[in-house]
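Engineer: Each chain, written out:
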Amino acid sequence: MTRYSIFSLARNAMGYHRSWPRAWRSPQPRPSYDIVIVGGGGHGLATAYYLAKEHGLSDIAVIEKGWLGGGNTGRNTTIIRSNYLWDESAHLYEKSLKLYEGLSQELNFNIMLSQRGVLNLAHNEHDLKELSRRVRAIRLNGIDSEILDPQGVKAEVPIANISPSLRYPILGASLQRRGGIARHDAVAWGFARAADARGVDIVQNCEVTGIDIADGRVQGLETTRGRIAARKVGLVAAGHSSVLAAMAGLRLPIESHTLQAMVSEPIKPVLNSVVMSNTVHVYVSQSDKGELVIGAGMDGYNSYSQRGSFQIVEGQMGALIELFPIFSRLSLLRQWGGIVDVCPDASPIVGKTPVDGLFINCGWGTGGFKATPGSGWVFAHTIARDRPHALNAPFALERFASGVLIDEHGAAAVAH
Amino acid sequence: MTGQPYRLAEGGAIDRSRPVGFSFDGRRYTGFAGDTLASALLANGVTLVGRSFKYHRPRGILSAGTEEPNALVQLGTGARGIANAKATRVELHEGLVASSVNCWPGPRCDLGALNDLAHRLIPAGFYYKTFMWPHRGWHFYERLIRRMAGLGRAPEGADPDRYERMNAHCDVLVVGAGPAGLAAARAAARGGSRVILADERGLPGGTLPDAADTGRLGETTAELEDLDNVRILVRTTVTGYFDHNFLIALERVTDHLGPHAPAHLPRQRLWRIRAGRVVLATGALERPLVFANNDRPGIMLASAARAYVNRFAVLPGRRAVVVTDNDSAYGAALDLHRNGVEIAAVVDLRRNGEGGKPAEARAAGLQILAGHAVVDSRGRRRVRTAHVARLDDDGSLTGPVRTLSCDLIAMSGGWNPAVHLFSQAGGRLRYDEALRAFLPEGAPQAVRCAGAINGAADTASCIAQGRAAGAGEPDDRAAGRVEAASRAPWAVPARNRAGEGRRFVDFQNDVTSADIALAAREGYQSVEHLKRYTTLGMGTDQGKTGNVAGLAILAQTLGLAIPEVGTTTFRPPYDPVTFGAIAGRDVGRLADPVRRTPIHRWHEEAGAVFEDVGQWKRPFYYPQDGETKHGAVARECLAVRNAAGVMDASTLGKILVCGPDARALLNRIYTNAWDRLEAGRCRYGLMLGEDGMVLDDGVTACLAGNRFLTTTTTGNASRVFAWLEEWLQTEWPDLDVYLTSLTEQLATVALAGPNAREILAALTDDIDLEPDAFPFMAWREGRVAGLPARVFRVSYTGELSYEIVVPAGDAMDLWTALTGPEHAVTPFGTEAMHVLRAEKGYLMIGQETDGTVTPLDLDMQWILSRKKDFIGRRSLARPAMRDPLRKRLVGLETGDPATVLPEGAQILAEPPSGVPEAMIGHVTSSYWSPTLGRSIALALVQGGRDREPPTVHVPLDDRTVRASIRDPRFYDPDGVRMNG
Amino acid sequence: MLLIPCPWCGARDESEFTCGGEAHIRRPADPDALDDAHWADYLFMRANPKGSHRERWCHSHGCGRWFNVERDTVTHGIVSVYRMGEPPPGGDGS
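If you read the protein sequences in the order shown, they are chains H, V and U. With the numbering used here applied, the first sequence has no gaps in its numbers, which climb one by one up to 416 at the end. With the numbering used here applied, the second sequence has no gaps in its numbers, which climb one by one up to 980 at the end. With the numbering used here applied, the third sequence has no gaps in its numbers, which climb one by one up to 94 at the end.
Just so you know, not all the hints are guaranteed correct.
Said to hold, decoys possible - Pairwise CB distance ranges, derived in the manner of DEER restraints: (1) U/W8 / V/R190: 47 to 53 Å; (2) V/D946 / H/R231: 56 to 62 Å; (3) H/D215 / U/P28: 28 to 34 Å; (4) V/L117 / U/G21: 56 to 62 Å; (5) H/N205 / U/G21: 30 to 36 Å; (6) H/R251 / V/A898: 53 to 59 Å; (7) H/R227 / V/P209: 56 to 62 Å; (8) V/R969 / H/R251: 52 to 58 Å; (9) U/G21 / H/S165: 28 to 34 Å; (10) H/A229 / V/R428: 56 to 62 Å; (11) V/A13 / U/A11: 40 to 46 Å.
FYI, nobody ran anything at the bench for these hints, they're computed from the structure. All C-beta atoms, glycine included, are put in the ideal place defined by N, C-alpha and C.
Here chain H stands alone, though its shape is the one from the complex (with noise of 0.2 Å):
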């Protein structure tokens, strides 16, 4: 793998940067790996990474139907943060935003992690107390995290409206300093280009069409470049799960939803800090280009098709224009969606299935994003080791029989 840096980017200036190696290999798929991974999304190339580089594992293949990164890791509003309530969750995500810190270097490619700061807003008394519940939680959880009061919220966001006459005024806020954003792509392309350095074959424009069972174990796959063997398999298709769970007889508890994102055009810098809602539910940063990255909600109804309703951005451009008055004359350039797999309890299904040798990573919802490291360094153990890292252990397949759910919700609706 050549090295980047600015070295090799000056001495291939000076060739008109015409010697430049492939990033990643476009090699036939072979007929047969140990390990093939079904997703070549940020999820499964970081899992094949890991496969390869913790678990010194190098007969793996990354399959993905179409273009790598092209799901929803090139579809989110980037956000990375791991203030989450419960315990198994904090776990998960600090050590995937741990793994982050660290992932321009480990990967030799720079991803643009930005540590700018995320900010969770409260808007009202029930907000507060939820607040105050979490980030003393996250905190124990040896998690960065504090609360802001609305003095100090317009100090990390100088255009919010803290205003007290706002029909839901900002009453205060949580901060993550060591939340931010990085730049979605690169980091499927930096796992890609990595994992293939380790000898990972990534096949692009290959759909499975079929899971071989025999005696309840997994013995390959039915592609459309043909049969493709395999000991072991990692789904890993974030919205597409219950296709390919069910060409191997499983039912998931999952639905597809679309989830849509937009872009402002490109302004000089107003927003250092990720602000986020979910009284008001909106969610904006703005991006090194210059333009703001703003998340909707959820659209309420199964969905293939990256499409979305439009009422749902009309919503949440009321909540942003609320949020932040400046914003109402700029213009929204691009709007999009992708498909979210989601489960009952807003967290992930990592480990194993009924089917021997067929592993399963899905379910992140509207979150993965800031999983991707982490989701794919738990999902390598499991799979290298046929059994859980204790980080990931919780979040098997087995807890909706036994209901011992990690419900991240978030706050419950305020009820007296």
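Let chain H serve as the given structure and place chains V and U on it in line with the hints.
Structural biologist: Coordinates of chains V and U only, in the frame set by chain H:
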């Protein structure tokens, strides 16, 4: 100030009798009514308008329309500023103030242009390869990079303008009012359909250059304007095409009027249109040619040059080189020539300029260089020369390079049908090799395409297709297509191996053909990878001019056919939409409805501090004479405990449940049994989700045999109502039960405290209040303060308490009577209520519960019937629900009675020993209890009250507090007071 | 924004409706007869097809009625709409 050296003396659709003054970059100029900012700048000889995003290259005006990538300007100032307006779209008005974006100090001399000198070091995606040293160094580099980011500036204050949304329905929506669109609208209207015709320009008629054609279209327009079933929307861009023929369009109502806009009009209006059928007559957009230094000011699209000279009577230059790979640019050359522009040459990339147009040009005396290409240009702030060389059959350059002096290069690289909306609708695009264009294929929804969007190149075909589409008749989609005869290269080759001279594909984002080749070389070979790696098509123009050439160059580099590389899906919006217009009126006071109880005015006048509970405003507490919150709440609590208080509980959800099977429904929904509840009696109930988690609680009264009034918590009122309806309709349609929400019809006032009976007695003479006659958990009907009322003897405070329910219209009278000076009753708010109920150890939904708490966790086994099934019961039987380590509700008492634990504080079994700590629970409610003179708290803790030892530790920011677990009933545990 | 033909009110904008997820899931008549895994199947496991899907919708800001919709999850095209208790037009929904 007549100026305007490039303005023709006559012609054009401008009004020379109305000069319009404006300023650009601090200098004053004059244009005419009917100008765009771009045409007025060109008339004044201003060609350098701004700088590009990455290299800060000097840029001028490329187009005459919405596809403009270069000429972005900052409009207006202060709170009315607009960040990245396209000069080609801004209609000139008196006093307009515009300036260049993304340059400092100005477009003529811009420090950012240092980037251009360093361009060799910063090809596409360079940032992925560097800025990684030292560890976390990116945070430093990012700060520097961010300063360069963005184009225009955000406004400096809240938006003073108003926006609105408008819903519209029609049988046929026609998008685009050119020849095809007008024909479609007329055909549809004549057939009796309700038609909406929308066009982004200020007038219908499209962009035809020929005055005679335009005149004919004028007749059609006049006919349409007279029809009642046609609505014509001008300055209205249909910009989003969603499912089930729902489209959005942005109407710019007053932008073109500037400060003279009438105050009653909104600035912009977002149309939400549901159309039976849609006809897309969106035309086509011209492509630039890709050659070295094709981005200089003075290089523009041939169609734009033609539009400026014909429509605006502006010469975009005095000596032009026209370069083309198709016939359409010959019309531009002839029009420029006719209006006095010297044509240095028409450079045709094709070997043989065939057909009528080249012949016409030759006849007019124009020099045609067939089989040639413009290979480079010179000129810093305005193009000075075009460099022309012969193009071989294999697409390589041969022979000497000729230098032609010029101040305008008008170029045409063919046409892109404007298929954006069609693609948004879910339509597939097919690449047509003969036309070198993506064409709409099939129909994903009830949509037809007509005119240049289908590749039609002549007006007659456009009109024919439009007429057929409007009438819903079959047509010939392929009519009027002109094959691109040439195999001209998508990028003119570089003159030397070193690749001197960048060939720009995406002007705004400075993506060059070399960037595309680099992406391909490195493996970013899907068109989506290409876009993301190079930022091709990611600018404010969304690649309207550059994307197809970019795709073609990628295909060429990879040796693939264009369809094998694919096309990207077009996303909404077609043209940027103002945030404010999307939000419409749903901002400020109208952001979300405010729900107020019928007693709200009284609370306001009493100086209550309000709390938002869902959409409701509830009195939080009533401070008197400078009281703090703490002081007010303590006073209110003590008043209830020692005398009497009243609380407005009107926000509680109220559902009338009646019908023969009403009891059966209650039995299935609530965990306890309802078979024996008699008329006149009430019962507390708990409902669970099917997952066994507590959903809501409340008191239900039996009004008569099969009539019940159920109350819910404030926040869950609509949720519970919907929950019951859902079960009734979808699972138990056999149950004969009717539900009616009475939340808004009835008001509830809670009168609580040891004096409550006495006070109520003074206000009623037909209800026997004696404890034996009217016991706890009973209700009576009668008159209170002369008003018809139902009185429920229930208590959430632990005191003797009556909830008096009256029609909402009577609530203020009731409240006024209760708070009369003779009763010495203290109004109390929600916070005092919270304290009082916590003293009693009563749970509050949403505080002690969070969707993960079962009745077992709350030690409420007593309310779980064993004799029947109910929603959620089976889930409680799962072994994990009885795990002794589950968190259960307890009371918590701090060692120091003065310490009030913060709500949300986490609980440890041992003193803190370093993170991560093992948390065994958290404080759910915590207050200073004025009654007990000490702090109290409720908590969910592993093991609950069985926990040994019962001492726990609560770490705070600066210390750790010891607390002991106890019975959550801090006050009157046996309920003597409320039963009394 | 979908246009949903409520069987009681006619076609209305999606914003008047609430989607209730997969249709034709019966609550088990005797929950105690199910082991935890089968109970979880009823509670949580969902068909999540790519293509034709039968689901329940409620005209919550209209007539308040629940009904069934057969809809394509890829194109969002509505194939059929039928009332509660009616069999699906295209075949059995059990």
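Engineer: Decide, hint by hint, whether the structure agrees.
Structural biologist: Checked hints:
{"no.": "1", "hint": "U/W8 / V/R190: 47 to 53 Å", "verdict": "36 Å, violated"}
{"no.": "2", "hint": "V/D946 / H/R231: 56 to 62 Å", "verdict": "48 Å, violated"}
{"no.": "3", "hint": "H/D215 / U/P28: 28 to 34 Å", "verdict": "31 Å, holds"}
{"no.": "4", "hint": "V/L117 / U/G21: 56 to 62 Å", "verdict": "59 Å, holds"}
{"no.": "5", "hint": "H/N205 / U/G21: 30 to 36 Å", "verdict": "33 Å, holds"}
{"no.": "6", "hint": "H/R251 / V/A898: 53 to 59 Å", "verdict": "56 Å, holds"}
{"no.": "7", "hint": "H/R227 / V/P209: 56 to 62 Å", "verdict": "60 Å, holds"}
{"no.": "8", "hint": "V/R969 / H/R251: 52 to 58 Å", "verdict": "45 Å, violated"}
{"no.": "9", "hint": "U/G21 / H/S165: 28 to 34 Å", "verdict": "39 Å, violated"}
{"no.": "10", "hint": "H/A229 / V/R428: 56 to 62 Å", "verdict": "35 Å, violated"}
{"no.": "11", "hint": "V/A13 / U/A11: 40 to 46 Å", "verdict": "42 Å, holds"}
Hints 1, 2, 8, 9 and 10 from the earlier list are contradicted by this structure; the remaining hints agree with it.
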